[in-house]
Each structure stands twice: as C-alpha cells, then as structure tokens.
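Enquirer: Chains as they are written, first to last, in the working numbering: chain A, 17 to 368; chain B, 17 to 368; chain C, 17 to 368; chain D, 17 to 368.
For the record, the hints were derived by calculation from the structure and aren't laboratory data.
Keep in mind it's a predicted model, so treat the numbers as computed, not measured.
For every residue, glycine included, the Cβ atom is placed at its ideal position computed from N, Cα and C.
A hint or two may mislead.
[Claimed, not checked] Sample of chain D residues facing chain C (criterion: CB under 8 Å; computed from the structure):
no. : residue
1   : Ile18
2   : Lys66
3   : Cys260
4 protein chains.
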Amino acid sequence: MIRVRVVGAGGFGGANIIELLTAHPEAEIVSLVDVDGVGEPISRKHTHLKGLCDLPVTGPDDAYPNEDVDIVFTATPDGVGMTVAESYLAAGIRLIDYSGDFRFNTAEDYAQYAQRIGRSPDHAAAGLLSQSVYGLTELHREEIAKASLVGNPGCFAVSAILGAAPAVKERLIDPDTIICDAKTGVSGAGIKPSATFHYPLRYENMNAYKIAAHQHNFEIERELSRLAGTDLRVTLTTQVVPLCRGIMTTIYGQLVNDSATARDLFDAYAAFYRNAAFVRVEPAGVPVSNNDVRGSNQCVLSVNMDERTGRLIVVSHIDNLMKGQAGSALQNMNVMFGLDETLGLRRPPFFP
Amino acid sequence: MIRVRVVGAGGFGGANIIELLTAHPEAEIVSLVDVDGVGEPISRKHTHLKGLCDLPVTGPDDAYPNEDVDIVFTATPDGVGMTVAESYLAAGIRLIDYSGDFRFNTAEDYAQYAQRIGRSPDHAAAGLLSQSVYGLTELHREEIAKASLVGNPGCFAVSAILGAAPAVKERLIDPDTIICDAKTGVSGAGIKPSATFHYPLRYENMNAYKIAAHQHNFEIERELSRLAGTDLRVTLTTQVVPLCRGIMTTIYGQLVNDSATARDLFDAYAAFYRNAAFVRVEPAGVPVSNNDVRGSNQCVLSVNMDERTGRLIVVSHIDNLMKGQAGSALQNMNVMFGLDETLGLRRPPFFP
Amino acid sequence: MIRVRVVGAGGFGGANIIELLTAHPEAEIVSLVDVDGVGEPISRKHTHLKGLCDLPVTGPDDAYPNEDVDIVFTATPDGVGMTVAESYLAAGIRLIDYSGDFRFNTAEDYAQYAQRIGRSPDHAAAGLLSQSVYGLTELHREEIAKASLVGNPGCFAVSAILGAAPAVKERLIDPDTIICDAKTGVSGAGIKPSATFHYPLRYENMNAYKIAAHQHNFEIERELSRLAGTDLRVTLTTQVVPLCRGIMTTIYGQLVNDSATARDLFDAYAAFYRNAAFVRVEPAGVPVSNNDVRGSNQCVLSVNMDERTGRLIVVSHIDNLMKGQAGSALQNMNVMFGLDETLGLRRPPFFP
Amino acid sequence: MIRVRVVGAGGFGGANIIELLTAHPEAEIVSLVDVDGVGEPISRKHTHLKGLCDLPVTGPDDAYPNEDVDIVFTATPDGVGMTVAESYLAAGIRLIDYSGDFRFNTAEDYAQYAQRIGRSPDHAAAGLLSQSVYGLTELHREEIAKASLVGNPGCFAVSAILGAAPAVKERLIDPDTIICDAKTGVSGAGIKPSATFHYPLRYENMNAYKIAAHQHNFEIERELSRLAGTDLRVTLTTQVVPLCRGIMTTIYGQLVNDSATARDLFDAYAAFYRNAAFVRVEPAGVPVSNNDVRGSNQCVLSVNMDERTGRLIVVSHIDNLMKGQAGSALQNMNVMFGLDETLGLRRPPFFP
C-alpha cells in the first residue's frame, strides 16, 4: 500500500483527494495536516466523511517528514508547498503540489507567475524547480513516472491545454490566434467564504474577472508553445457562472488550411488522444455538457469548425475539482508508482 | 456474479442502479429494458455513462424472462411491475419493484393507495401481494433475506418511517400526534420534463403539493402502526424545494413522558439503530444537513426536543435517489443474496 | 415629501428600502448611514443602484438627528436601534426598526428574546418599550397610525402569524397544538458571508437550525396569544433551503370542530383578510408557490384540511425581504403618515 | 393613453411586457391574445399577476385588428408576426414583433435566417420587409420614431451589437477578427418545458449549442457591417449556463492601433454611448456582473484590453428578458409614440 499524507485536508481539494484515496485499492491515508481543527477528526469539518475517514488532523508543525509516508499531497494555496518540499524530498518522500509553486522550471518563469497573484517573485525552493514536472498526465506521462516532485496543473490550464493541444501540435491553427474563453463553477475559489461567493450574491450571477490577467495564462502558453515549437501567446478570459463544479472552456483559433473539414479536425483530435483514458473527443453535433464530466476525472472535447470564418472552435469540459485538481493529482500518483493510471478514478459523473 | 436486468433503464432510478451495479463486485448487468431508445446503447441517453455502461436497450416485448437473469429491478412507474412480476417469479427470477405495486400485502390496502394516484384499484397481480415484502431494509431485514419479491419503499416513506420508528416503537410519543413535514428535491419527480420543474419556474421556487393527499402516507401509517401495535394516522405534507437530490423530513410528536430529556430521546434512537450501517443518529446541537447524505445511502437523523411544548422534533435526511430509491434497492439485493448489506454502497456523499 | 434616513444602508434590508423609496411618490431619501463605505456613494457597494441612488454614505457618528429628516429606518442588527431611538424621537423624528429591539413592550419580554440571541437582557432604552408598536400592519394598523416608534416584525413571525391568526382568532384550532414548520431562503441571513452560506456549501443543501430555539418564537406566541385571549405556545422549526428570497411556513393545528369543512376554513380566512391589500387567501387545490410572492409585498395563504387527522394545514408564503422586512417597513411608513397603505408597494412578483 | 394588445401573452415575453405596461403611465393593456387559456384571466396561467392584471385571454381568431388598439406586441415565436402584421398595419395599428420575422429588410436576408431555424425561406409578408425597422433603439432611434413596424432584436444580438458597435464604428479593431462568446440564462428558451431545461438536468449544467450556427449571427453581422462600412463576419458561440435571466457576451477583436491604451478604448465607448440612457460603460478594473442588469433594461459594458496579445475584450451584460426582449420592445414603443425613451423602464436591477 502507498502511504499518503494530505496537507491542507480541510479544503475542497483536501476533501476530494481524501475521498478518492479511501476508495483506492493500493493507497491508504496515514496522516492529515491542516492549520484548522488540529486534534479533531477530519470528519468534524468534513461531516460527510463521518464513518469513512475519521483520522485526526495534525498541525503543520507536527507534520515533519517521517518514515511512514510514501507521498505527500500538498492541497494548499500558493507558498506552502515550496516551504515543505525540500525536507520531504530529502527524506525520500515524493510530493504532488496543487498550487503554482512547482509548475515552472525556472525562477524567471515562476517570478512572472508570482507577480500576477501578488506574491514575492522569489521562490523559497528555487533549487527544486529544475526537477519538478508539470502534472498534466496526458502530456507528461513519461516524466511524471520518474518524478519525485510534481506541480499539479491549474484547473483552467487543464481545460485549455487539453482543448488546444492537438490543434497546436498538428499545426491546424495559427498559433497567434488562440483565445480561451473559460467559465468556471464556484468551487474553484475554495472553501473560504467571501462576498463574491455568498449565496445571495452569486445564485443568479455571472461575471468575468482577472480579464487578461489570470495567472494560469502562463502555464497554458508554456505548454502550447512547447507543442507548437514556437513561442505563442494566448488570450484567456476567466468567468464565474453559478454552479459548483465544472469548467467549460471555449477555444478559438484561425485554421491555417482552407480545405480542412470538420471531420479532419475531429480525426486529428481523436488520434491525439487515442490512448488517453480520461479524454473523450466528440465531433460537431454530438451534445456534450458539464453533466458529462461533473464528479468524474473525464475531459470531454467537442471539436467544431466555423466554416464561414475559418475558425476552429473546441469546447472543453472538465470538473475543476477532479481532472482540474484532485483527480489529476491521483492520476499522477498512479503514474508515479507504476500503477494503472485509472486506478480509483473510474467513477462515472454524478447524475443527476 | 449476480446477473441483473434493469427495466426502466432510461429514468433517474434506472441510471442510478446502473451506476451502482457497475461498481458492485458481485453483480453484473446483463440486460437493460426501456420503452425509449430501443436498440441504442444506454449511454446514448445517459451520456454520462459512456465508457462505463454501453449496453444496448431492449424493448419490453423482447425482454421476457430468461435463464441468464437472477434478479430484475423494475425501475418503473406504478403499473409496470405488476404486469411482469408473475412471469419472472415463475421462472425463478427475483424482483425488486420501485413503485407502489408491491408495497402492500392486501388488495384492499393497494386499492386505497391506487385511488390516490388515479389508478384502477384492481391490482393486476393481486395473488402476489401476500408474498411481497416491504423493502425498508432496517425494519424487514429477515423477511427480505427470504423474499423473491420486494416492494421498494417510497422516498418520502423512507425518510419519515426511519425518522419516526424509534419514537413509535419505544412509545416515546402519542401515536395520534405525528406530523411529517417533508421537503424534497426535484429529482423525485423523475426525468420527464413538466412545467412545474422547468428551470425558470423552479429555480427560486418552493411549494407544497398533494397536501394531506400524498400516496406515501399509507405505507408510513402501515409501518408505524405495526411498530406501535395500534392503528395510527399521520399528517404528511410534501413540499418541493429548489435542489435536485435530497429529502428532509421534519417529524413532530407529542412526548408522553413529562420527564424525558433530550438525551433520553437520543439514546433511544441510537439504540434502535445500533446495528444499522446506513442510519446515523445525532443529538441536538450537532449540525446535520443534506450535504451529509447527498449521493450516499445514508439516513442521518437529528433528534431534538422542544421543552416548552413537550414535543419531539426529529429531522430526517436522505438522498431520495439513493436511500430513497436505488440505494435501498441495492441494499435489498445484497440482503436477498446473502451478501454484506453495504456491498457497493459505501460511497461518501458527493461534496461539495 | 417625507424625508427619510436609512441607517444600515449597506445591507440587504437597506438596499431594498432604498429601492422602494426611490420609486415612492411621496418619499425621498435624504441620508444614508452605514459603518462601511463612509464617504462613498452607496452605489459603490450596491452597484445595481448606479444612476438610481448615488447618495454618499454617512458614518453613524455624523448622523445625529437633524431637522431635515421625518423618519428613520434602522435597517440594522439587534442593538443598534435601541441606542439611537431616544434622540431621534426627542427630535420629533419617527423611527421604524428592523431588529427585535422594539418588538416587545416590557423589559421582561425583551430579556427573554435577548437571551436567545446571546445578547444582554438589559435593554438600552427600556423606557421606550411601552410606546413601541409591533409593526405587523394587518394586525396593528390603528396603533401604527399613531405611533412614533415601530418594531418591524421578524420575517418568520410575519409568515407564521399571518398564517395562523384567523384560525386562532376564530377558535378553529386548539391553541396548544400549533406547529410552524418554516423554510427560508438564504437572504434572510443578510449580506455578510459565512461558511454556511458559501455557494458551494449551500447550493444543494438544506438544514434545520435553532430547532425549538429561534428568537422569533416569542413574538409569534405573543401575537397569537393576544388573538386567542389565552397564553399559548407554539413549536417553530426554522430551516434553510437553497433559494435566495422567500419563506414558506407550513402551519398545523388540531381542529376543534369535527364538522368543519375545508370551505368553512377558507371562508374564515377570507373574511379575516377581506380588507388586507397584501394578503391573498386561496382554498385547497389552488396552486400557490414562492413565485407568487417573490419580489412583492404579498402574503399568499393556502388553507387546507387533513380530514383523516382533523388538522388544519395552512401554507403561508412571503418574500422575506419584502413582506418579511422592507416591504412591511414601507407599509408601516405609509400608515404612519396617513398615506394609502399600498403606495409604492404595488409591484408584481419578479417573474420568472 | 396608448392602447396596447399583447399577442402571445402566455409566454415569458408576454408576461414581462404585461408587467411593464401595467406600471407605464401612458399605456394601458386593452387585450391579451394567446392560443392557450382562452377565456380565462391571464392570471390563471401567470398567477403572479393576480390582482395586477386579470384580463381575459382572447383566442387568435377573435383578435382581428380593431379600432381600440394603437399598437400590438407580437410576443410570439417566428412565423406568427408575419401572418398578422399586414392587417394590423392596414388598420393603422403599429406593431412590434419579438421574433426574426421583421429583423431583415430583404427576402434574401430573411431566407438565410429562416434556413438556420428550419423554417421555409419564403416570408409570408415579404412586401412589408422594406418598411420594417430593426429595433435596437440605440442604433436606430430616428427610424424607429417614424416606424409602424419594428422587428425587435434577438437577445444575443442586443448584447453582441451593443458590445461591439463602438469598436467597429471607430475602427478600433480589425473587422475580420470579431468573436462573440455568449452565455445565456435559461429563460431565453421560453416557457415551454423540455428535457434540456428540466431542473435536474440543468441545475449544475452548462453547454454550448448551435455552435457557429445560431440564427442571431446574421443580424449581428448586418448591423456591424453597416457600422464598419464593409462586410464582416463574426463567430458567435451560444452557451447556456444555469441561471434564469441574463446574457454575458464576451467580445474579442484584434486592435489595429499598436499604441492604443485601455483608456483610449474606454473613452471611445463612453463617447459612443454618451446619450444612451440604458448603456453604462465601465473601464477595466471596475467590477460588473449580471447582478447589475438582472431585471432592468440596462446594458453594462466592461471595456478591457489584453496588452500582451493586442486584443480588445468587451464584456457585455444584459437581462435577456428586458433589454434583450420586453424592455427593448417598450423602449421602442416609447420612441414610436414620442415619449421619453425611459418611461416605465427606470426600475433598478432585482437585488439580491
């Protein structure tokens, strides 16, 4: 059994990885860490876990690396993973971090990211950046298999990169024309209450935020540039709509081949993901929706063409808390430990 | 492996038992029956099942009993189960029916029920009524274990009976004072669209319906009368609130013992359910909510006392599609086949 | 023109009275007071008011009584109204307070209430209690017309009292059997974010809270006792369901007359409210719902009878922010100033 | 008083214009027409109108033009307005049609539109097309003032055209790069229930539909081409998100001037709409949301610039049932009758 510690157990990302791990046949949770509720069972805060996981919460200061742990999930905000990673790795413990702390391989790239979220550009463990691997399993499976340190991708980034990757890689579109219009459910903002997500102010509301200024932009550009073989920039608009779980990103790009058909585009996407257990590609005309992904680790892509304007339109659906967070994290753990990538992740969307 | 047929696969109740069965270690689905989508994979309608269950749908006329099936779930409206039960039973195939067709043991009791839902009082298979067992597992485990024919309980009935049973059985309350104020999510109305459940007319809406006239009233009275050892009548108010899954029934009864304390009441409830894997009892002051049951087979009971008026107040939470329907059905199947009652049903509530 | 000050302009109760006043033909807002956003236009916080009301917010310390004001609405939490009422009244300025500060006429009654909400039992302006009038217009119109100080009723109390009053007054039910099962939307909790009302934790959630311990209980009992001519106690269960605006209270009582018919009950209710512009009474079988009241000052009552148990069942619908708060407040202002009670309040429910 | 007939009174569009008209100081409803509920008061179906508008519904065959009517609103699906317009106009009665029947001025343009919605390309009153005026008040005020026949614009079109018009007119962007990513609430689909908008299938759902195939595309292109002085094509993606009222359209275009600043863009927009009572323009950084428009006739535009990619990003908010339908219709009526454009339309957004 893989022995797991979850740091940040009290958040949504913590709750979801706990749930997945309790049902995983090859993993067991050995410790839970959080700053709140120390000494109490985790099911005091996450009451839905009563009877399923009643482990006590340990405070961060009591949670130094120890020999009982094989892997740590830091389901924590930016800045936490970077302060604990070094000692875990030194003790031979692997680490998957949910935040942006380890999504970049150079101090410069991190600094650019950090600036957008109002953090210091100095990385507390810059020496580790070169060995960290970007945890989008579909694009980095081999490196993840050998990694000790994985930076789990941002939720918007997962939906945007998976949706644009085949088009960029196969040079179907002009790389300078990519626009990602992303809509997210509210759970992406985490468990901490705020005016913006207070029920009466949110239930019939929608809005764009961080327009042309969202920090996930950089990992999207980095990954797509790598696939394109050239530096490209994307426009990313992030918007909140009144549902809890789900991201729908609509991706636009100018087609470079005038004679391309909708079928060609679909075929290219289907071929690209032929071995991806968690990506389903559908041609234009087949209805897809958030209901196809909510609660599951699936990414569902609808590949369309606007013939009158010569544009590719891909609609990319994921559950932000699963493929956008905890699901990808577990998928990465499976890969890191040589297990079937889908272990513990085969559950269908929650319906209705 | 238990070989299962699901009749009514295209509804919510069908979708949910399919999901549960695909994850069940001792059961496999061998055929799906519905009037719609015949010949197509079930995942054409329930697109969220793509890749998990793509069995083709068989029409009802092609679905006669056959030797490959051990048990049939008729996840169908009133009137279907009663027309097919006889031939299945004759072929040695067990049957669990979701509707009211087999919740009563006499033609008279059925007739009273049928009248409330505008159906003929004549039961098409009245000869089977005496052998049918009411499928509220917590109260009828032994009979279910020996049964070939189970009438799965109504969703409101599950919440009301589980919430009132200990008080009635232990004679904590005057049996003539029971009021059940029930609030349900919309999924209880099924998958068929109607004006009442059209999103714009429902999203900020709530209302009572079938006031003092809901058909589940009778099975509640029958079960509680049995426990009380006397005929009692209850007032049941059914109300729809704008959520999808969940029933919260608040149960009132006049306490008979002036010196009873809140602790006494809790203790009686806890003792009554000490062996019930799917009933959790909480004392006054411990927060419980629909989040504790949504997506799970749990019933959560909060046991309270109004000291100023001498009343018991029990708040009973279930997921209407799980403990209120498919979950109870699978629990009954487990019992009927001698398996651990919780097999395939240990999943936590869907959160958040 | 009636010159109005709103204290607590930044909350939901403030926003709603501002909206109503801007459309009122005989009133004008002359000042807005709040602890937040002092010096900024109110439309900075309530952005939906841009162009409609851009008055600057005044801090409480700068808001002493002045000659420009005819009436003050203290749309504030418990404890504020009692500290400012005296000086306003001394200056000849009338006051309508939203909180429980002036709903009771004796220090003893207030103390009982205060205890339930964790406040000191000592009232800061106890000397004013004897002159305050309970602002449920339908029951106290004449006193309100002569009052300088009105304690606006609690939202649950409005729905419960209006729903039970005719039955109690006309002695249709045993006064010791009244149970009020109340369901409220989330806006009743105010504009301040909290975990309980964080969108992801609330959207598919429902729960009871303060079971047999809600502070509105006392004003319900006081008013109903007055109508009954005898001291009675009620059981009140308060529950939150996932919508923003609306209260549905289902009221139960044991009928005293065995031969009463549903029609008799309806007639008694219709007669009681024959002159009430904002109460609509419907007989059993006529569908009513939150859609009939949301955004309006209406109370809609459905009068039903459970023949099998001899109980009255009244379903009472109001919008908690209108008839349950700002609407009643404006209705009271109209009465206090000798205007048509419905002035500025004739708007239909918001639909859909 | 302007005497008004509403045809299609039973839909959302009918309900909303009825509400607006009942509060309008210069208009009165003289007749209501619908195919359903003939002979019954309209408040039988729209129960929220009880006491506000209880006029009986007339069947379409009994609703021939008569001298009592000054203007007709055909709040009806495509194909109705075109069959009744001629006789109304012949009788000197003006008409505002909600559908696409009169949004185009040539049979060819109509045919292209009709094809997208599966209707015959032949217009039943093609002779009237040349005199119909496109009812986007902000762009066609003078023509509307003289018109007898107005084709009210499509809801998506209102949000997209208002959002893009200044940029196109002032040649801020390359006219071949316009992408409109539109998200709508469910009420846009009308009052008729369907599986897609059944509450349990919609509440946590979102999806794109009619990708690159929505019929509103043509009126957007026609209006923007007119402003641009050149034929342009736009990509329009229509998406449904789980709220009732509201459209948020995010509009992208490549800036043609490398040295343009965000302030320049805002200034151009503000100047363009300086006289528009119902369009509010906000610069980047000022939060805007659906809460700013829901229930009101406002369009709110947030003008942003993606400096890294040289793109304009405008977020355009409207209420699809107000500025996107009934509000625009009433605004047009005001203009047609020489009234203040804002009469009866000054109500604030519904909050919260």
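Enquirer: Now tell me, hint by hint, if it's right for this structure.
Expert: Hints versus structure:
1. Ile18: Violated, because the Cβ-Cβ distance from isoleucine 18(D) to chain C comes to roughly 20 Å (cut-off 8 Å).
2. Lys66: holds (7 Å)
3. Cys260: holds (6 Å)
Going down the numbered hints, you'll see the structure goes against just number 1.
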